[in-house]
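There are 6 protein chains.
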Amino acid sequence: MTDDIAAVAREAASAGTEVLAVTPRFGPASVESILEAHIAAVGIIDAAAQHATGCDAVVLGGFGELGREALQELLEVPVVDITDAAAHVACFLGRTFGVVTTLERSVPSIEDRLTLAGLRDRCAGVRATEIPVLDLTADPAATVKAVCATAELSVREDGAEVVCLGCAGMGGLALEVSRRVGVPVVDGVPAAIRLAETLHALGLRTSKVGFYAPSPPKAFLGWPLPVQMGPPGQPSGR
Amino acid sequence: MTDDIAAVAREAASAGTEVLAVTPRFGPASVESILEAHIAAVGIIDAAAQHATGCDAVVLGGFGELGREALQELLEVPVVDITDAAAHVACFLGRTFGVVTTLERSVPSIEDRLTLAGLRDRCAGVRATEIPVLDLTADPAATVKAVCATAELSVREDGAEVVCLGCAGMGGLALEVSRRVGVPVVDGVPAAIRLAETLHALGLRTSKVGFYAPSPPKAFLGWPLPVQMGPPGQPSGR
Amino acid sequence: MTDDIAAVAREAASAGTEVLAVTPRFGPASVESILEAHIAAVGIIDAAAQHATGCDAVVLGGFGELGREALQELLEVPVVDITDAAAHVACFLGRTFGVVTTLERSVPSIEDRLTLAGLRDRCAGVRATEIPVLDLTADPAATVKAVCATAELSVREDGAEVVCLGCAGMGGLALEVSRRVGVPVVDGVPAAIRLAETLHALGLRTSKVGFYAPSPPKAFLGWPLPVQMGPPGQPSGR
Amino acid sequence: MTDDIAAVAREAASAGTEVLAVTPRFGPASVESILEAHIAAVGIIDAAAQHATGCDAVVLGGFGELGREALQELLEVPVVDITDAAAHVACFLGRTFGVVTTLERSVPSIEDRLTLAGLRDRCAGVRATEIPVLDLTADPAATVKAVCATAELSVREDGAEVVCLGCAGMGGLALEVSRRVGVPVVDGVPAAIRLAETLHALGLRTSKVGFYAPSPPKAFLGWPLPVQMGPPGQPSGR
Amino acid sequence: MTDDIAAVAREAASAGTEVLAVTPRFGPASVESILEAHIAAVGIIDAAAQHATGCDAVVLGGFGELGREALQELLEVPVVDITDAAAHVACFLGRTFGVVTTLERSVPSIEDRLTLAGLRDRCAGVRATEIPVLDLTADPAATVKAVCATAELSVREDGAEVVCLGCAGMGGLALEVSRRVGVPVVDGVPAAIRLAETLHALGLRTSKVGFYAPSPPKAFLGWPLPVQMGPPGQPSGR
Amino acid sequence: MTDDIAAVAREAASAGTEVLAVTPRFGPASVESILEAHIAAVGIIDAAAQHATGCDAVVLGGFGELGREALQELLEVPVVDITDAAAHVACFLGRTFGVVTTLERSVPSIEDRLTLAGLRDRCAGVRATEIPVLDLTADPAATVKAVCATAELSVREDGAEVVCLGCAGMGGLALEVSRRVGVPVVDGVPAAIRLAETLHALGLRTSKVGFYAPSPPKAFLGWPLPVQMGPPGQPSGR
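Residue numbers (the numbering used here), protein chains in the order written: chain A, 1 to 238; chain B, 1 to 238; chain C, 1 to 238; chain D, 1 to 238; chain E, 1 to 238; chain F, 1 to 238.
These are calculated hints, taken from the structure and not from any lab test.
Owing to the predicted nature of the structure, the values given are computational and were not obtained by experimental measurement.
Hints are not guaranteed to be accurate.
Treat identical chains as interchangeable: a pair holds within one or across any two.
[Unchecked claim] Here are the simulated DSBU-like pairs of lysine-lysine, each with C-alpha atoms no more than 35 Å apart in a straight line: (1) K145 - K218; (2) K218 - K208; (3) K208 - K145.
Go ahead and model the full structure; you've got the sequences and the hints to work with.
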């Protein structure tokens, strides 16, 4: 899945942008529960601590998941989560946006993330296709069909004027879904890559006054995680 | 002022982007009242009707002003207002943002625009320097000083973690204000230019389902401008 | 249409009230788009600048449209918009009110006007009959039927306890719709006329502290209308 | 106090309007606590049950107090509370309003009433003079001075553009306070009288669908209150 | 009904807790209207004034009704209303809760109480069985069936994860409804009893700074109610 | 610190309640940053996976921290976080509550947790003493003084009627702070213990419909954490 996301990211990036794709070296195969989201967040923190040095910005490829604030605290360069990226981009395209995600059980997490990001006001609703993350690529035609059907409900029932794809695993479907459903469809990974480039081009970095101020040094027990716990995640290329 | 804004825009734009700067052919010298904002909005609509054909996106250079929705309805390409651009960019940099604008009398208009854009939740407050738009360039050092002092109040009193410059006439001050105040400072024009490029690069256009759907043809009296408007409307009785 | 609205207004007015009905001297035949609303707002400002002197109050006859704030800034006498008038009156009659308007495309504008007026909390919803403004009088029986059917949905589905007629062109239908649907029905024009009388009788005028403070003098290009506007604005470069 | 309020009401009423002033036949000398508000509410219900027949509308003269909804349920004619009346009228005069009341301890009750009425959004704040209701008339000059000082804080600190007098016992001060403070000042009793006339003139009555639907018959123990509990409140005239 | 509620309360109470059940000595047989709620509130105040001395906490057994704040003002010991108790407990068990009450006409009152308690955000909705309070025990099987059907709608249509029984008369049904509907079901009386014990055990009492501060002495006309108005309500035991 | 918290918990617990105190076997010495909160959350999940079997309820002793939802998903028994516990208890004691915590940098996290819990409406504000968690016990008199001074600001400036101690490390100060400041003071650990007992006594468990539904099995890389990473956290007793 990291390879697929990396391919979408590289296709979206500007000519001069180098994309370093990193998979956390531990954690769940996909994130579909609160517990998994917490473990994945620590995996992402661990990966950023290892790989973010020298990057101009960091993009997080999980929709509705945890960890963005921790990275903003840890790093100085901009951190762009695909949830925020998709929702902010959607705000420029329509008065309201809907989100089409994988499982019903992920809906509250996405709603909570949008609430904390102050983006709930313009969200018409979050709907699920009930296709698990790891099954999205099993039958691409069925996935497109289910995403379109759910997006149509979002437009017709909830009044969404724009649809956000609510899972990085839906990357590459935006154009086809937009063509079929007749509204703009925002894919979070390309949106996040371009926004990260924008923030960097504008010379802007995370504010270090307030919520994301650097934390004082602190004694940790059993942390950082021992390297022998598994082989480090391999960056998928440069 | 259009020339100054155009210079800021061109400096912010990517290499391949051509910036066409347009001043409405009628309207107020600056916008500092509700009445002026309404006349300027029609001036902007008139200008877009004449000049937007062939453009890949339209950027509106008035902070807290009117007209964005009308252009989104009129055009298919993305329309990015500097109010929205600055606020959305600020959301990626801190938990809260403040706005530093010109006159106290413009504060409610800016608040209303943020409210309708669903961006009020993360706005820590809007503060005024009490320097009128047309005086911003009269004494640059005094302007920088006043903007910094107001930005500091925004950070210290309102809890803003990021500051947005609330007037296109403050263009070019962001770096200096950021250096002095110690928080990221977002200038709306560069932000809007880069976001417009981003939307175009992502292949996204304004949704034509809902609020911005094309309007049916309609008979107009004395429009488009310029017009032979004829005699003043007759009161239908007394 | 101005004549019809004037007739409704005069019927609603108290014995001693003289109603001066004014149509803007330019603008759209009806207002059903954002662009039309902006041009109409300037038409209203232009009309008020010519005709409001000597009036004790000004009533604006467009539901969900723009311009009220500009007139409050321009004038000292009370300015009452029929949107606000209907909604405030409805608040005295039931816990919630619904709005029945013409086209679905006007719903967001009405919602936005109610939001800015702080009246959204008690609004159960805005629904459209899909009869365009200029067709409302074509088949009166069909119009009453459609308004009643939509009002019934508002009551039954949205929980509205009161219905506001969301277009001045529906003037005169309130009694019949109320009789058929069984809830109070508020027509904006009579409500606004009586509220304007009330404000005048109470000796109250628009606050000139804050949002509606008089604006400082300002150079205008090509304004007030009618004008010799000169050649179209020159794009400053390409 | 009923006589004073009745005098203000009669002065505000239109020529053809007859004002019947009623004091509940039991209850507290003034309302400055939650317990007192509850007993006064039942006193008002009792009074309305005795005296409202034949009236075209009922006005409740307590600011921030309880009972309005019960009367709307009991009666078919419009019921106008001075809290709602003042706040709704203020909404036509400025973007925000403040309330100046008697005791700090009454502030939460007023806030709660405004919240339930959906009027909290435009309320800039509620402030207290700390003059008890029954002392308001003891030293009129001191009262005016305290009300003006509090109103000025409301305007300067809270951003109120209009001030509502938050106690019927402040009746008659509006003009003087407005002159001194420089913003419109709304007195609830005249506002309520005129609004009650307006609702009646528009032929509108309380919705009987929903919250104010008539209640089914019910067995009561010890109710209605025995007439021998005290002499009935004497209407102060007709 | 007081006996039934007392039985539920005693069953829920800890070993050392003595439950004193009191019926107001006047008021409606059940509370299903706003007017009834106001009279019942005074009945409760009257009962508390007579019986609360010596109690460690007071529990109010009416769901969505009035009077809690008055008792918090009057007394120093904790006062727990079953509406608040059920809703707060539900917040610990799921992300959202629904309320199943008796009559549709009571829904707005419950919504208002939840709004003022700041508990509306997590309430998925209030639904009615349309069984009047006094009929709840007439056909227990039919009542359970109706409560379950309504609870299922709350879960399926509104997204409630927990259901609160919205009437003390539904006491004793929680277990059965929970078993059938598959979500936790909170009965207000046991919840309130246990919470009252908790507040007492923690040594906490109502804050006397602010809203619930003791009120100054005040002259009352015809109050306290004459004892001869009816025999005092008999506490159902000790 | 775990021992101190355990002592407070055991003192607050009912006679029959056994308190099992567990420290996560890895993580930060205290939680004062977002990154630390994320690592601590996983530590808590890991600890619960090891130790929660057989417990009737789980209490989380971190104020404003992460992980509660994950445990509610993982376990069936009630999970009570001290943030929620303190805030819900405070709602029974006053109209508004304030929170007094350690560092200013923790304020946003606490605000976010209260927002997601739907408890923000009644929170008058969160204030910091600027004493780090691990210094709270260094100079107890200075800590009490700082907590009292901050609590007084919360009451006087923010209008708090109740104060919640915003750190488990402040355990044991509630009585003294309450005595000095004159408002009820809620300590989260005793509140959470008693609420956990209450939920258990009422026979209520976490809803498994919706947000906290059990997650499907999932392949994890490098998880559960290898036991050799450090000695297991020692339960401090039974």
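Hints versus structure:
1. K145 - K218: between (50 Å within a copy, 26 Å between copies)
2. K218 - K208: Within. Shortest intra-copy distance 18 Å satisfies the 35 Å Cα cut-off; inter-copy 37 Å does not.
3. K208 - K145: Classified as between: cross-chain Cα gap 22 Å, same-chain 44 Å, threshold 35 Å.
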